[in-house]
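Participant: Residues per chain are reported as follows:
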Amino acid sequence: MRALDKKLFRDVWRMRLHAAGVALVLACGLSVFVMAVGMRGSMERTRADYYAERRMADIAVSLVRAPDRVARALAEAPGVQTVETRIAGYALLDLPGVEEPPSARLVSLPAQGRPRVNDVVITRGRLPDPTHADEILLSQAFANAHALDIGDTLAATLYGRRQTLRIVGIANSPEFVFVSGPGELFRQAERFGVIWMGRDALARAYDLDGAFNDAVFMLGRNANQVETIRAIDRVLDPYGGAGAYGRDRMMSDRFLSEELRQLSTMATFLPAFFLIIAAFLVNIALGRVIATERSNIGLLKAFGYSNAAVAWHYAKSALIFAAIGALLGSFAGVAFGRMVADLYRDYYHFPRLDFVASPATFAGAWAAGFASAIAGCLFSVLRAARLAPAEALTPPRPTAFNTAGKGLAAFAARLDAKSRIILRRIVRFPRRASTTALGVAFAIALLVVARTMPAEMNYLLDVNFGVANRQDVTLTFAEARDVGVLHEVGRLPGVIYAEPFRIDDIVLHHNGRTVHEAVFGVPAEARLSRVIGAAQAPLSPPVAGIALARALAEKLDARVGDEIYLEQTRGRRIGAHVRVTAIVEPMLGSSAYMELGALARLMREPGRISGAHLLMDASDYGAFNQRIKETPGIAGASYVAQAEHSMREEFDQGVGMMNFIYAAFAAVMAGGVAFSAARITLAEQERDLATLRVLGFTRLEVSYVLIGELMALALLAVPAGIALGTVLAIWLMKLFQTDMYSFPFVFHPPGYAFAVAFTLACVLTAALVVRAGIDKLDMIGVLKARD
Amino acid sequence: MRAPTRLKAAIVAAVRRLSPIKGTQTPIAHKSLMMSFAPPDAAAEPLFALRGVCKTYGQGETAVRALVDVDLDITKGELMVLLGPSGSGKSTLLNILGGLDRATSGQVRFEGELLTALSEHALTLFRRRHVGFIFQFYNLIPSLTARENVELVGEIADDPLSAVEALELVGLGKRIDHFPSQLSGGEQQRVAVARAIAKRPAVLLCDEPTGALDVKTGVRVLEALQEVNERYGSTTMIVTHNADVARMAQRVVRFGDGHVRSVEVNTERVPPSELVW
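Protein chains in written order, with this note's numbering: chain L, 1 to 787; chain D, 788 to 1064.
Simulated from the structure, these hints should not be mistaken for laboratory data.
In this text the structure is predicted, and so the values were computed from the model without any measurement.
Even for Gly, the Cβ is constructed at its ideal location relative to N, Cα and C.
Heads up, a few of these hints could be off.
Stated by the list, open to error - Among the chain L residues that face chain D by a calculated CB cut under 7 Å, a handful are:
1. D416
2. A417
3. I421
4. R424
5. M779
6. L783
Stated by the list, open to error - Lysine-lysine pairs mimicking DSSO-like chemistry, simulated, CA-CA at most 27 Å apart:
7. K418/L <-> K784/L
8. K734/L <-> K555/L
9. K7/L <-> K316/L
10. K961/D <-> K418/L
11. K1003/D <-> K784/L
12. K1003/D <-> K961/D
With the hints as extra help, turn the sequences into a complete structure.
Facilitator: Here it is as structure tokens:
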């Protein structure tokens, strides 16, 4: 090893605490990067493999009833490679010990062999025997949630007939990676399951012998999806086709795509924070090293080392810091990724999901780490390169201070001498001061973000369950029913008030843009489920015209007053021009809203409704539940209180974990920066602090100079941190906004208070650790030596 | 806690005795130097009394004996020069007297109070109340102006001189708002002298105060020290390896290998302006 390299390693060893700080901060950022990018890649591969292996549908369609022979016409539609016709429906389930009936999606299995499209993965058990009508496959998430297993039975009301079904296998399908029941706002594993059963059995139940009401398609290579959809719709029009759609509108796939997008956001947002701070830390550490190594630099140059060689020598130490950080980050990222993969696998029931970060991911992480280190050391290293040997060999001039402006001088005059030392150092070393302040501000911002997002989510739940949806139960019918059914519903035990609603799939056109969305029909005087307008206040639905969710309006480029064209997805595709009368902020979903009657007329189904929201008498649930389990035509019953409870529970668990991780990250960030700054302040001021001790200042008084500087910078950083956190929270809220959720910014004072208090505590702790150095000050040694 | 309290009482009394009422002093003039040529009052209670003081650094074979069995009485108000080559123990003695270091064995008394028995905190308070230090490399706080460096000490002293007064005394009345980086070496050292005397210390400990200065500026610093010694009666101890400086002292203590080799009384004191080195 060359002598210079030996020196390098000894230098790094001497700076090991700074190196550890830089490495730790980098490791935090890069671990998130490796985890998120790796996870995204792994999820994408898993999804692609899963879809390919189980022949995930490219197009799906539901219809009223078509004879089996129509399947041939579908198979011949341009672009269709494989078609699978099915019988599908919804049913309420009756499980022993479960009061509120969960609902299930029923899907037929072909009479022979396995499904050619949307095949299932049987995790336990076997396929149902076609000759045994009561045999079913049950989806794994639902089975787990109710501890159901092979051999167990459950009862379902299928088309008014109560049937007992026997579980012979537990299965998953790419079609149902993410599922939520009709009328449910969130995924609740225990509230919605998927049941696969023999086609004949289901045909008998639904009275669809020799016919089908659902079809799924795989496209051939080079198929034009739009054309294929058009062709399918043409074939199915006479049979009540509801309009074929691609994966972009399949709920499960759409949700997975959102999840992947959020991983990408995470892969950039958090690491960027840490890379910037790491660069600043390198800057402080190397700046100090090069200041103390002046004479060595002069000596090296005097010996004949080139400027570039000297610069490279010092740059290498920064690269070693980065390499340690990248190494730690890579290992931590993989460990972190494996944990997250386990969570995802359990949550989504992927047949397998192994976390594999690609070499490109690691290369990206290392490159980012090195880039951060180089950016951080550039300034100091160039200074070393520029230092003339003769100048470097002379002792440095004493640090020049000045009173820096009249205003500041007047302020300084009112301080005691120790506070003046603090003030002048901050003003004299603005780069270092701003680095420290920035690190602290970032930490505060990170915590503000981490605490604001749950507050936003809570607010969303509060508004959704407190203002928008005040019903106790939502009943969704299997198909639209005459409004007269409301009287029947109102006579169900315990029902105090029933409010009708409609929900229709519709195509909206405006300015050459086309969006497929759900339109809710809401009664003019809605009391239970209401449309949310500006400032989250309830709004009456427009009697004439349509209200659009903000996200939808943006997609359509539509403003209040614009006329948009609405088109049915089924049948004759009747359309009409409707004026936009309001832009609303529903937070959940990005739908459109119309007055119930107007929507029904537009859909050419006057007087028909999709379901009812119910206000209940709490004492009569038992009888109510019993009755609806026996009532045909109910696709789902959603219990709002239960949904809210399970939503908040799941959410709180997630938040707990997130708070812990973010707090750890903020502690590393604030603590690392403060520790580094304090150590350098101590090293630089060793002589001054020793002088103060000699002059008779106590340890406490001298500690004030060290801790005071850090705390002053930390306090200066508080407003910046709060502002940055707020901006980031708003920005992230927009970034995480999806078709399903849109968060309003919520100012959450306790979150801010925590962010500030926790960060200041981290800074103080780091300062106190370094402060111990004051007790070890060698008063004699320091005073004997020249600077 | 009793020791520091008693010490404090004793010190306060001593400082009162040492510090004449402000404003009654006549400005120092060369002719008044004649008065100080008299030998110190040997009968008075010594300010410092050292008995069998030893200081050893390290252990075993590598142990270095910096002070060996030193007995010395230092009289109130005297100006003493400690002479000797590097490593002879003179700075070690100064550090022990100033409460920066502790004797390995033996006793050091300050106005009868046993310094060697004081806690670290009590030693800090001892330095704060009674000791003024002056170092070879000035040790000013670079972020404070000359005035503020002096005020720094004023903030923790009981009855300090004003910073302006102290700086005028060392001839720096016109540069009080300059930062150390804007002052020459001699000026910086004079700020250090002003800082040391601002608290009207019982004792001024000066470690090579002219070591980094040329003759002309060195003389100005020594003049300032002598003036303070005369005016406030602060016992002044100057460590130097410059034999010529010894000519301004009342007594000269010569060190060699940790031992006090000799203590001489100067019968013919020379004002600093006449020193040459």
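Participant: What hint numbers does the structure not satisfy?
Facilitator: No hint contradicted; all consistent.
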